[in-house]
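Chemist: For chain D, the structure is supplied; the task is to place chain V on it using the hints.
Chains as they are written, first to last, in my numbering: chain D, 1 to 442; chain V, 1 to 232.
Just so you know, the hints here were simulated from the structure itself, not pulled from any lab data. No experiment lies behind these values; they were computed from the predicted model shown. Cβ atoms here follow ideal geometry from the backbone N, Cα and C, with glycine treated the same way. Wrong hints could be hidden among the right ones.
Stated by the list, open to error - Chain V stretches covered by chain D per the calculated footprint, using a threshold of three residues with CB under 8 Å from any CB of chain D:
id	stretch
1	118-124
2	159-173
3	201-208
Unchecked claim - Selected chain V positions facing chain D (Cβ under 8 Å, derived; list incomplete):
id	residue
4	Val12
5	Gly23
6	Leu28
7	Tyr34
8	Pro90
9	Ala108
10	Leu112
11	Leu129
12	Glu193
13	Ala216
14	Ala217
As the list claims (entries may be wrong) - Some residues of chain D that are not near chain V, with every Cβ distance over 12 Å (derived):
id	residue
15	Gln49
16	Asp232
17	Asp260
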Amino acid sequence: MRRRGLLLAAALAAIAVLGFLSDRVHGEVDLTAGHSLSLSRQTKDVLGQVHREVKVTAFLLRGDPSRAQAASLLARYRRRNHWIAYRVLDPTDTPGEAARLDIDPTEGGVALSSRGQVERAPTVTESDLTAGIARLLRHHPATLCIAGGHGEPSVEDGAGPGLSTLAGLLVTNGYRLQPLDLLVRPAVPPGCDGLVLVNPTAPLGPAQSAIADYLAGGGRALVLNDPASTVDLSPLVQLYGMTVVHGLVLEGDDGARLPDDPLSPVVHDFTSSSPVVRHLAPVVLPTCEAVLTASDPGRGLSVAPLASTSRLSFLSRRPRDTGTRFDPAVDVRGPINVGGAADLVANLGGHVRRTRVVALGDSDFATNALVGEGGNARLLVQALDWLTLQEDLVSVSTNIPALRPLSLTEARTRYLRYVTAGVVPALFLLAGGTVWAVRRSR
Amino acid sequence: MTRAVVGKELRVLWASPVPYVVGALLQLVLGLLYVDQLAARRQALFQPAVPIAGFLLLALTPLVCMRAVAEEARSGTLELLLAVPVAGRPLVVGKWLAAWITVLVVLAPVVLFVLLLEWFGNPDLGPVLSGLVGLALLAGALAALGVLASSLTSTQPVAAMTAFFVSLLLWFAHVRAEALSVGGVMDRLSISERLRGFAGGVVDTSDVAFFVLLAAAALTLAAAAVDGRRLR
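Okay, chain D solo, but in the shape it has when bound (with noise of 0.2 Å):
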């Protein structure tokens, strides 16, 4: 009797260990087409570097039709690294729990925590949650100047024309930001991990020496250029293989343009390697120019053109002479390049000094009228991120599933239903009576 306690007991043992390894010793099988659920490599990269708690809270409405995805998404998330703890909450029923991680309960998001240090994102997808987690890890965030005092749109102003909206996203993407009047002080403090310099109107003046010198000594930029300033910013990213040509962007396929607006090119090649526009949706861009990258920029250096017009689009040179007709003369032909990122790496003994700049031919897509049309946001944040050196940030390459629409009319539902709620009991209950009848009989 008591050895049999005894192999009973040996025998569970074996079990729980069994089941104690196996969840610490997996592998899994994504069967999805596209392995739609296999967490990308830099999502377990960063994943692995996690061994503190962190508490994912994501608020969605319990109607909210991506609710049950999100949370599959989650567990895959705690599934591959048990420090991270997940919860799924419906923000109109904990008003009090968004307010204390400073959610807005009418749009929802995600809050990400671990020790006192809170981390926000705007959807529940892998890429928001891979970049916030990152954020996390890191022990201070990235703090971004934004250039002023030259008629540039201001982060602080909410109108269509500003810039609120970015500065919103920027600081939900754990940026912290520091605005410079650099007419007052034309200097750009050492703090600055990256330079943002929005369309100004005015010729900037010593403020261009301050920036080329912040540059050379290993600074980061983000410029954004835009045909309607006269001001030539041009210099400043001549000496990293870019040129902006300027001239207005005329888009003549429908395809890839906002609808009879050939002034709007709405561009969606992005051919380019780069992690700035990696799985970008499509940008709008309204009234831009050419930004031309150098195909042997030098050593050291290396220029990556992000994104092109369609082959039907051109670049008027002269847009108040010849209107929205291309003149063979001046003009240039589609597809025309509209941003470029170079990467400059010197190797001062023993220590890499890198610059980074990001240059785009077009300002308005920043403004809050436009910033969230398509994948403008998601550009601009991963240029950031790429300029400010957080790669594993950018772009995470999450397999989207595709959609599988079913084809279901009032008249096919009701067929459904007859069929499986309907026909298949009924033949349960026929066979059950047939056997019970034949017994009967016997």
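Modeler: Same frame as chain D, now just chain V:
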């Protein structure tokens, strides 16, 4: 020995009204709820069927298993069986296999959903396959829990209720677990959480091992309970 037990159990089970009624109930409720989900989502997804079918299995599998050992004990045939040198393990495994096969047959018409999805849309067959594997593993584990409950009592309704409540506890193990500071452990014990990966299209070896080991633990305990009766 096990094969003989399986054959005898299957004959007895399918001569009773239980599998037919269980099958009709499962397919009726599953059909209604799943088609509602399809109509709401308008996507050719098998995924919503998995948790619904899983919960229905949780409620209905104990009805299939309740008589496995309890009926033998009540009618006195268990004592006869134990009088001959038959170990508890093959007896219990045979009864579990018969119950598992029965539940799988009752569940089998869900394949019809896949055919209908193929007809009206273009479903991803990977998650369909993993969902079916998950449901089959869940059915095996629930059947083992049912046989265990049946081996502990000679009253069928008590066996069914016991199996149902234990399964229910395991289904909701993750709920409120965080508040009790045991979130990590309870999440791993939650069969609904384990089923979630299968439903989505991911087959994780730890989830497969969980269901297999849960069944193994339940059957080990059931065999010990049957052997314990012999010693009494």
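Chemist: Next step is simple, just say for each hint if it's right about the structure.
Modeler: Structure-based check of all given hints:
Only residues whose C-beta sits within less than 8 Å of a C-beta in chain D count toward coverage, and the stretch 118-124 of chain V has 5 of them, enough to reach three; the restraint holds. Only residues whose C-beta sits within less than 8 Å of a C-beta in chain D count toward coverage, and the stretch 159-173 of chain V has 0 of them, not enough to reach three; the restraint is violated. Coverage of the stretch 201-208 of chain V by chain D holds [criterion: at least 3 residues with CB-CB distance below 8 Å; count 6]. For Val12/V, the interface hint is violated, the least distance from its beta-carbon to any beta-carbon of chain D being 12 Å, above 8 Å.
Hint status for Gly23/V relative to chain D: holds, with the closest Cβ pair at about 4 Å, below 8 Å. Using the Cβ-Cβ criterion of 8 Å, the hint placing Leu28/V at the interface with chain D is satisfied: the shortest such distance is roughly 4 Å. The closest approach between the C-beta of Tyr34/V and any C-beta of chain D is roughly 7 Å, which is under the 8 Å cut-off, so the hint is satisfied. Against a cut-off of 8 Å between C-beta atoms, the interface hint on Pro90/V is violated, since the closest Cβ of chain D lies about 16 Å away.
Annotation: Ala108/V was flagged as interfacial toward chain D, and the flag is violated, the nearest CB pair being 10 Å apart, outside 8 Å. Here the hint on Leu112/V is kept, as its CB sits about 7 Å from the closest CB of chain D, short of 8 Å. Look at Leu129/V: its Cβ gets to within about 6 Å of chain D, closer than 8 Å, so that hint holds up. This hint holds: Glu193/V has a C-beta 7 Å from the nearest C-beta of chain D, less than the 8 Å allowed.
Residue-level restraint check for Ala216/V holds (minimum Cβ-Cβ distance to chain D is 6 Å; threshold 8 Å). Against a cut-off of 8 Å between C-beta atoms, the interface hint on Ala217/V holds, since the closest Cβ of chain D lies about 5 Å away. The beta carbon of Gln49/D is kept farther than 12 Å from every beta carbon of chain V, the shortest such distance being approximately 19 Å. Every Cβ of chain V is farther than 12 Å from the Cβ of Asp232/D; the closest lies at roughly 52 Å, confirming the non-interface assignment.
Non-interface call for Asp260/D relative to chain V: holds, since the shortest CB-CB distance, roughly 31 Å, exceeds 12 Å.
Of the numbered hints stated above, those contradicted by the structure are hints 2, 4, 8 and 9, listed in ascending order.
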